[in-house]
Amino acid sequence: MILSLLIFLPLVGSLLVALLPENQTMRFRWIALIITLIEGALAGLACMAFDRSIGGYQLLEQANWITLPLGNLGIASIDYLVGIDGMSLPLVVLSAVVMLVGVVSSWTITHRQKAYYSLYLLLTGTIMGCFLALDFFLFFLFFEFMLLPMYFLIGLWGGPRREYASIKFFLYTLLGSLLILLVMIGLYLSVMDPVSTAVAAGFIADPSAATDEVIRVIQGHLQSGQINPTLIVHTFDMRYLADGGNYLPSAFLNPASEPIVLGLPARMLAFWAVFIGFAIKLPIVPLHTWLPDAHVEAPTPVSVVLAGVLLKIGGYGFLRIVWNFFPDGAAEYAQTLAVLGTISIVYGGLVALAQNDLKKMIAYSSVSHMGFVLLGMASLTAEGINGAVYQMVSHGVLSAMLFLLTGVIYDRTHDRRIDSYRGLMQPMPYYATLTAVAFFGSLGLPGFSGFVGELFTLMGSFQSEWLPGWLTAVAATGILLAAAYFLWTLQRMFFGPFWFRHEATALTPVPVLSDLTAREKLMLIPLGALALALGLFPNLIFTLTSTTVGQWMVKFAVE
Amino acid sequence: MPVDPFPLVSALTIALLLLPFAGFLAIARANGRLAGGLAVGLTGTGLLLSVLLAANLPTDVVSLRADWATISGVSFGVSFRLDVLTALMLILVHFVALLVQIYSIAYLHEEAESAPRQLSRYFAYLQLFVGAMLGIVLAGNLLVLYAFWELVGLASYLLIGFYTERPAAGKAAKKAFLMNRVGDIGFLLGIFLMYYYFDTFDLSVLTGTGAVGNAPTVLGLCLFMGCVGKSAQFPLLTWLPDAMEGPTPVSALLHAATMVAAGIFLLARIHPLLSPDALVVITVVGTITTLWGGYSAVFQTDIKKVLAFSTVSQLGLMVAGMGTGHVEGALFHLLTHAFFKAGLFLSAGSVIHAVHTQDMRQMGGLRHTLPTTFVAYTLCAAALAGLPFFSGFLSKEAILGGAFAWADRQPGSLSGVIPVLLLVSSGLTAFYMARQWRLVFFGAYRKDAVSLAQVHEPSWLMRGPVVVLAALSVFIWFSVNPFNAHESWFFAFFPIPEEPPIGWLAPVSVGLVGLGGWWGFRLREPDYSRSYVRLSLDYGFLDTIYQFLIIDPTLKFAAHLNRTDQRLVDGAVNNAGISVVVLAHLANGLDRYVIDGFVNGAAWLAGQLGSLTRSVQNGKVQSYITAAVVGLLVMLWWLL
Numbered sequence: 012m013i014l015s016l017l018i019f020l021p022l023v024g025s026l027l028v029a030l031l032p033e034n035q036t037m038r039f040r041w042i043a044l045i046i047t048l049i050e051g052a053l054a055g056l057a058c059m060a061f062d063r064s065i066g067g068y069q070l071l072e073q074a075n076w077i078t079l080p081l082g083n084l085g086i087a088s089i090d091y092l093v094g095i096d097g098m099s100l101p102l103v104v105l106s107a108v109v110m111l112v113g114v115v116s117s118w119t120i121t122h123r124q125k126a127y128y129s130l131y132l133l134l135t136g137t138i139m140g141c142f143l144a145l146d147f148f149l150f151f152l153f154f155e156f157m158l159l160p161m162y163f164l165i166g167l168w169g170g171p172r173r174e175y176a177s178i179k180f181f182l183y184t185l186l187g188s189l190l191i192l193l194v195m196i197g198l199y200l201s202v203m204d205p206v207s208t209a210v211a212a213g214f215i216a217d218p219s220a221a222t223d224e225v226i227r228v229i230q231g232h233l234q235s236g237q238i239n240p241t242l243i244v245h246t247f248d249m250r251y252l253a254d255g256g257n258y259l260p261s262a263f264l265n266p267a268s269e270p271i272v273l274g275l276p277a278r279m280l281a282f283w284a285v286f287i288g289f290a291i292k293l294p295i296v297p298l299h300t301w302l303p304d305a306h307v308e309a310p311t312p313v314s315v316v317l318a319g320v321l322l323k324i325g326g327y328g329f330l331r332i333v334w335n336f337f338p339d340g341a342a343e344y345a346q347t348l349a350v351l352g353t354i355s356i357v358y359g360g361l362v363a364l365a366q367n368d369l370k371k372m373i374a375y376s377s378v379s380h381m382g383f384v385l386l387g388m389a390s391l392t393a394e395g396i397n398g399a400v401y402q403m404v405s406h407g408v409l410s411a412m413l414f415l416l417t418g419v420i421y422d423r424t425h426d427r428r429i430d431s432y433r434g435l436m437q438p439m440p441y442y443a444t445l446t447a448v449a450f451f452g453s454l455g456l457p458g459f460s461g462f463v464g465e466l467f468t469l470m471g472s473f474q475s476e477w478l479p480g481w482l483t484a485v486a487a488t489g490i491l492l493a494a495a496y497f498l499w500t501l502q503r504m505f506f507g508p509f510w511f512r513h514e515a516t517a518l519t520p521v522p523v524l525s526d527l528t529a530r531e532k533l534m535l536i537p538l539g540a541l542a543l544a545l546g547l548f549p550n551l552i553f554t555l556t557s558t559t560v561g562q563w564m565v566k567f568a569v570e
Numbered sequence: 024m025p026v027d028p029f030p031l032v033s034a035l036t037i038a039l040l041l042l043p044f045a046g047f048l049a050i051a052r053a054n055g056r057l058a059g060g061l062a063v064g065l066t067g068t069g070l071l072l073s074v075l076l077a078a079n080l081p082t083d084v085v086s087l088r089a090d091w092a093t094i095s096g097v098s099f100g101v102s103f104r105l106d107v108l109t110a111l112m113l114i115l116v117h118f119v120a121l122l123v124q125i126y127s128i129a130y131l132h133e134e135a136e137s138a139p140r141q142l143s144r145y146f147a148y149l150q151l152f153v154g155a156m157l158g159i160v161l162a163g164n165l166l167v168l169y170a171f172w173e174l175v176g177l178a179s180y181l182l183i184g185f186y187t188e189r190p191a192a193g194k195a196a197k198k199a200f201l202m203n204r205v206g207d208i209g210f211l212l213g214i215f216l217m218y219y220y221f222d223t224f225d226l227s228v229l230t231g232t233g234a235v236g237n238a239p240t241v242l243g244l245c246l247f248m249g250c251v252g253k254s255a256q257f258p259l260l261t262w263l264p265d266a267m268e269g270p271t272p273v274s275a276l277l278h279a280a281t282m283v284a285a286g287i288f289l290l291a292r293i294h295p296l297l298s299p300d301a302l303v304v305i306t307v308v309g310t311i312t313t314l315w316g317g318y319s320a321v322f323q324t325d326i327k328k329v330l331a332f333s334t335v336s337q338l339g340l341m342v343a344g345m346g347t348g349h350v351e352g353a354l355f356h357l358l359t360h361a362f363f364k365a366g367l368f369l370s371a372g373s374v375i376h377a378v379h380t381q382d383m384r385q386m387g388g389l390r391h392t393l394p395t396t397f398v399a400y401t402l403c404a405a406a407l408a409g410l411p412f413f414s415g416f417l418s419k420e421a422i423l424g425g426a427f428a429w430a431d432r433q434p435g436s437l438s439g440v441i442p443v444l445l446l447v448s449s450g451l452t453a454f455y456m457a458r459q460w461r462l463v464f465f466g467a468y469r470k471d472a473v474s475l476a477q478v479h480e481p482s483w484l485m486r487g488p489v490v491v492l493a494a495l496s497v498f499i500w501f502s503v504n505p506f507n508a509h510e511s512w513f514f515a516f517f518p519i520p521e522e523p524p525i526g527w528l529a530p531v532s533v534g535l536v537g538l539g540g541w542w543g544f545r546l547r548e549p550d551y552s553r554s555y556v557r558l559s560l561d562y563g564f565l566d567t568i569y570q571f572l573i574i575d576p577t578l579k580f581a582a583h584l585n586r587t588d589q590r591l592v593d594g595a596v597n598n599a600g601i602s603v604v605v606l607a608h609l610a611n612g613l614d615r616y617v618i619d620g621f622v623n624g625a626a627w628l629a630g631q632l633g634s635l636t637r638s639v640q641n642g643k644v645q646s647y648i649t650a651a652v653v654g655l656l657v658m659l660w661w662l663l
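From first to last, the protein sequence lines are chains U and W.
Residue numbering for the first sequence follows this note's numbering, beginning at 12 and increasing consecutively.
Residue numbering for the second sequence follows this note's numbering, beginning at 24 and increasing consecutively.
Think of the hints as simulated: they come from the structure by calculation, not from any bench.
All residues carry an ideal CB built from backbone N, CA and C; glycine is no exception.
Certain hints may be false.
[Stated by the list, open to error] FRET-style restraints, in silico, Cβ to Cβ:
id, chain 1, residue 1, chain 2, residue 2, range
1, W, D614, U, E72, 31 to 37 Å
2, U, Q346, W, L613, 23 to 29 Å
3, U, T519, W, A138, 30 to 36 Å
4, W, G594, U, I536, 37 to 43 Å
5, W, D614, U, S525, 56 to 62 Å
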């Protein structure tokens, strides 16, 4: 019940906002605030209900949605299936926090509030749906649907080049979705639902009678071709997609038979297709160029959501779909993947060093930090994968903070260029302090969460038997680059005598660089405190992830 | 959890660690005037606790452990460790920090009047530093050590950049942090390597692991990189002179006495791990550093930079001591150096405070106007130069003696060069200290802006700590015998293998020191554009080399990548977008003119056909009948 509420409460809220009359301007933001607050409480409840000692999916809610006999193609079945495990729960909590902060940050949005909050709540619901869905089809539905509010949020409330940025974001992600869709259909045709098939084939009377024994028998029958093809129930259920025993012997994504398509192994093609689909979202160099544009043009709260949550869907997709359904690919291409991650780390860091736009600098630093996520996952070690999930949460908190800080200065002067400011320490000491906290947290200072994420992803990649040691050494230069671009920015913007660029004309008054307002502090201080708490007590995350990852590592142990 | 055998010691340790961090939070909010007193009180309490701890130190090593991160069954713990070395460092850090903070209250009194917020910021940062430094000292495993190591870097960054309105301060702070990070990356990889080989980060398992072979050499050198950064060893030494942008008491505490000594402490901790090959590299790096730093100090004109480079040089000496296997000697020098170098910096602070310049060329003749400072400075400088009857003599002799003994044990004859070079560098020390002594305190006063009459000794709040440190530069606190450190209490705690003393060493080194000192005192200031002077002033042009070889190319490469990113990578995306649009237009054209053409053509054809057939339907019955008959005939023909 908690999980469905997490998804549907914001969707209902979105509808409510859309139906309210236009003149209720003040109410929209309060509705959004209350709903995101409840979301936070629900995420907290989910945490409490979650049993940390169980590695599998929990709090499952299942309802049959579509069942369709397709003759020789078997029986099609799509379920409404939601649940959490150690990998999704931290991200659900992160989303709840970031969406809440995003609403507070949206207080500055003044025009077309009704549409804005309606779309914002729609986005919240689809994001939750993405992290909670355990049916591939349902996941894909949310994944796709998320594009719509995002497109409009950038395209309507964004900066000068918002149309370009939003269409670019949309098309890029759509291309990725297309690849994911193809693989999804391929997987669907290749996999049976052993429980429903057992029922359909008359082995058991109803699904509740399905034991592990029955499933093994059914799988054995499937592999030896004793089941009538018309009775095979095809499924999008992720639990079954992850089990090699459920693959039809003749299916072209069967891991055992290695069929060839276009002269290449089908599973390899599928692996890379779905990898690229999610790599666009993470993003991984060279598929990252939508990110800086989207960030620069998006209004502050949308940037916060984009960096804080949306990128994580890419990383989550890697684990939940790519690594989960193609463990053979993840092991076989571990080196290539790690090299891609390392390239992202170094490339993102170097390009960040060359930026003069604060938002762009942070956008590229996101690229760099997400590289650690891929590196950790590619290591196929417990440290690496736990570290990657941790790094996603950590980056979610810190990047949200960074974009909020950029928003603070932009709200005052409408200028984000680093070289437009000097000595900001003097007029805005509070702002300077919190910026320093966010910067040092992001550059991996021990005590803050950024350090833990980088430490364990790097440690994982170093311990990994799949990866050469020099790769870790190269990736570690990323933390030097991070220190370089953050501290250089700090030096340029906050040290020295106070000065800032402004054209004082008779019409435009000189902007006042006032220090943080209470509302801004209300957003920034909790985020900073959260980054600190996670950094001091990383077990807050690791107790959630570690059992799931531990159980999950078995997949790679045999390879 | 097992029963803690040493509840008092554990409680004290935890209290010691928490105290400065609590202080950091409290002082950051405190009123500026209150801040100094609060900081001194806290550090004083810390000192008392440390002494109490040292007095109750059990003979066993005490370790505290708590779970920090558990990953799929493997626990990465936070652990702290207490042994003799820790107890010594605890007292040292607290003691110097206490004196420096007392001194700072008076030194920063101008800030107290104009901007009290600045003062609470200053003392809060100092508390942060003390806490981080204690963390390093108490760390029981390398991961914890690394964490506090970085935190010390933060404190150093904040304190170097304390005068935020000075652009140079921000630059120097950034430089210090980045150069340290370069070393720390090696350190981090070393930590990973250690985990790879030993499956633990714990320092206690290191004791007695006589590791040899190829990979452990790499491991040792990676860990040593941390020391290279933090202790300003060659080639990462150029951040230390720039760090002098910070307030002078900070230079005394962080960049002379304690923080930069953390690298030496690290080497002492990991010493059992270091392979012979690694030790040779460490020795060579230390020797290069001591000479490089020494020569760079020779012609500096800034009073603090001379001291900064002498610190570099002395740290090099300690590292060389570690490399040559004389851990205890190096630690002994760490201890004595902390006192006399902090004393020198604080005296220099008093001078700067009095004449409002750091340029020694504008000073001179201050021995009469600043008598206390002069005496204190002289004592500390004598200790630094290594004159007999001073602490520095004892500890330097220990390192040099160890180095000569080491050279005898080495197979190659080339290794004999190392101790000789170390000996030369101690002559160099005497040379530049004597030059500085003369420039500051002798000759004629050379500054116009502040007349000599305005120059006066600072308050006793500042003179007191200086006097204490100067007093501690005398031999008697360390060893009753001024010529032989072997009888020192220090070596009772840190036993060293009995080695036959080298009889000729003391006279030779005293001779060299005397020669260097005499020469330095008599030296006439050369033309500053001479190449050998420039070489010293620009410390071997290291920064220029970095600028040309590393920083500029990196920034150029970054800018280039940025352009590539926009033009090539994003360009490809945009071009793909554009080509799709072009394709769409082509398709549109095709649709309109070709396919639509077909459709239109077909419609036209249909129209034509229609009018043709329409002409058939002309309403004439004859035509219909004709058609019907023809149709019938055709059908009949087809059917038959």
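Each hint tested on the structure:
no.: 1; hint: W:D614 / U:E72: 31 to 37 Å; verdict: 48 Å, violated
no.: 2; hint: U:Q346 / W:L613: 23 to 29 Å; verdict: 46 Å, violated
no.: 3; hint: U:T519 / W:A138: 30 to 36 Å; verdict: 32 Å, holds
no.: 4; hint: W:G594 / U:I536: 37 to 43 Å; verdict: 42 Å, holds
no.: 5; hint: W:D614 / U:S525: 56 to 62 Å; verdict: 58 Å, holds
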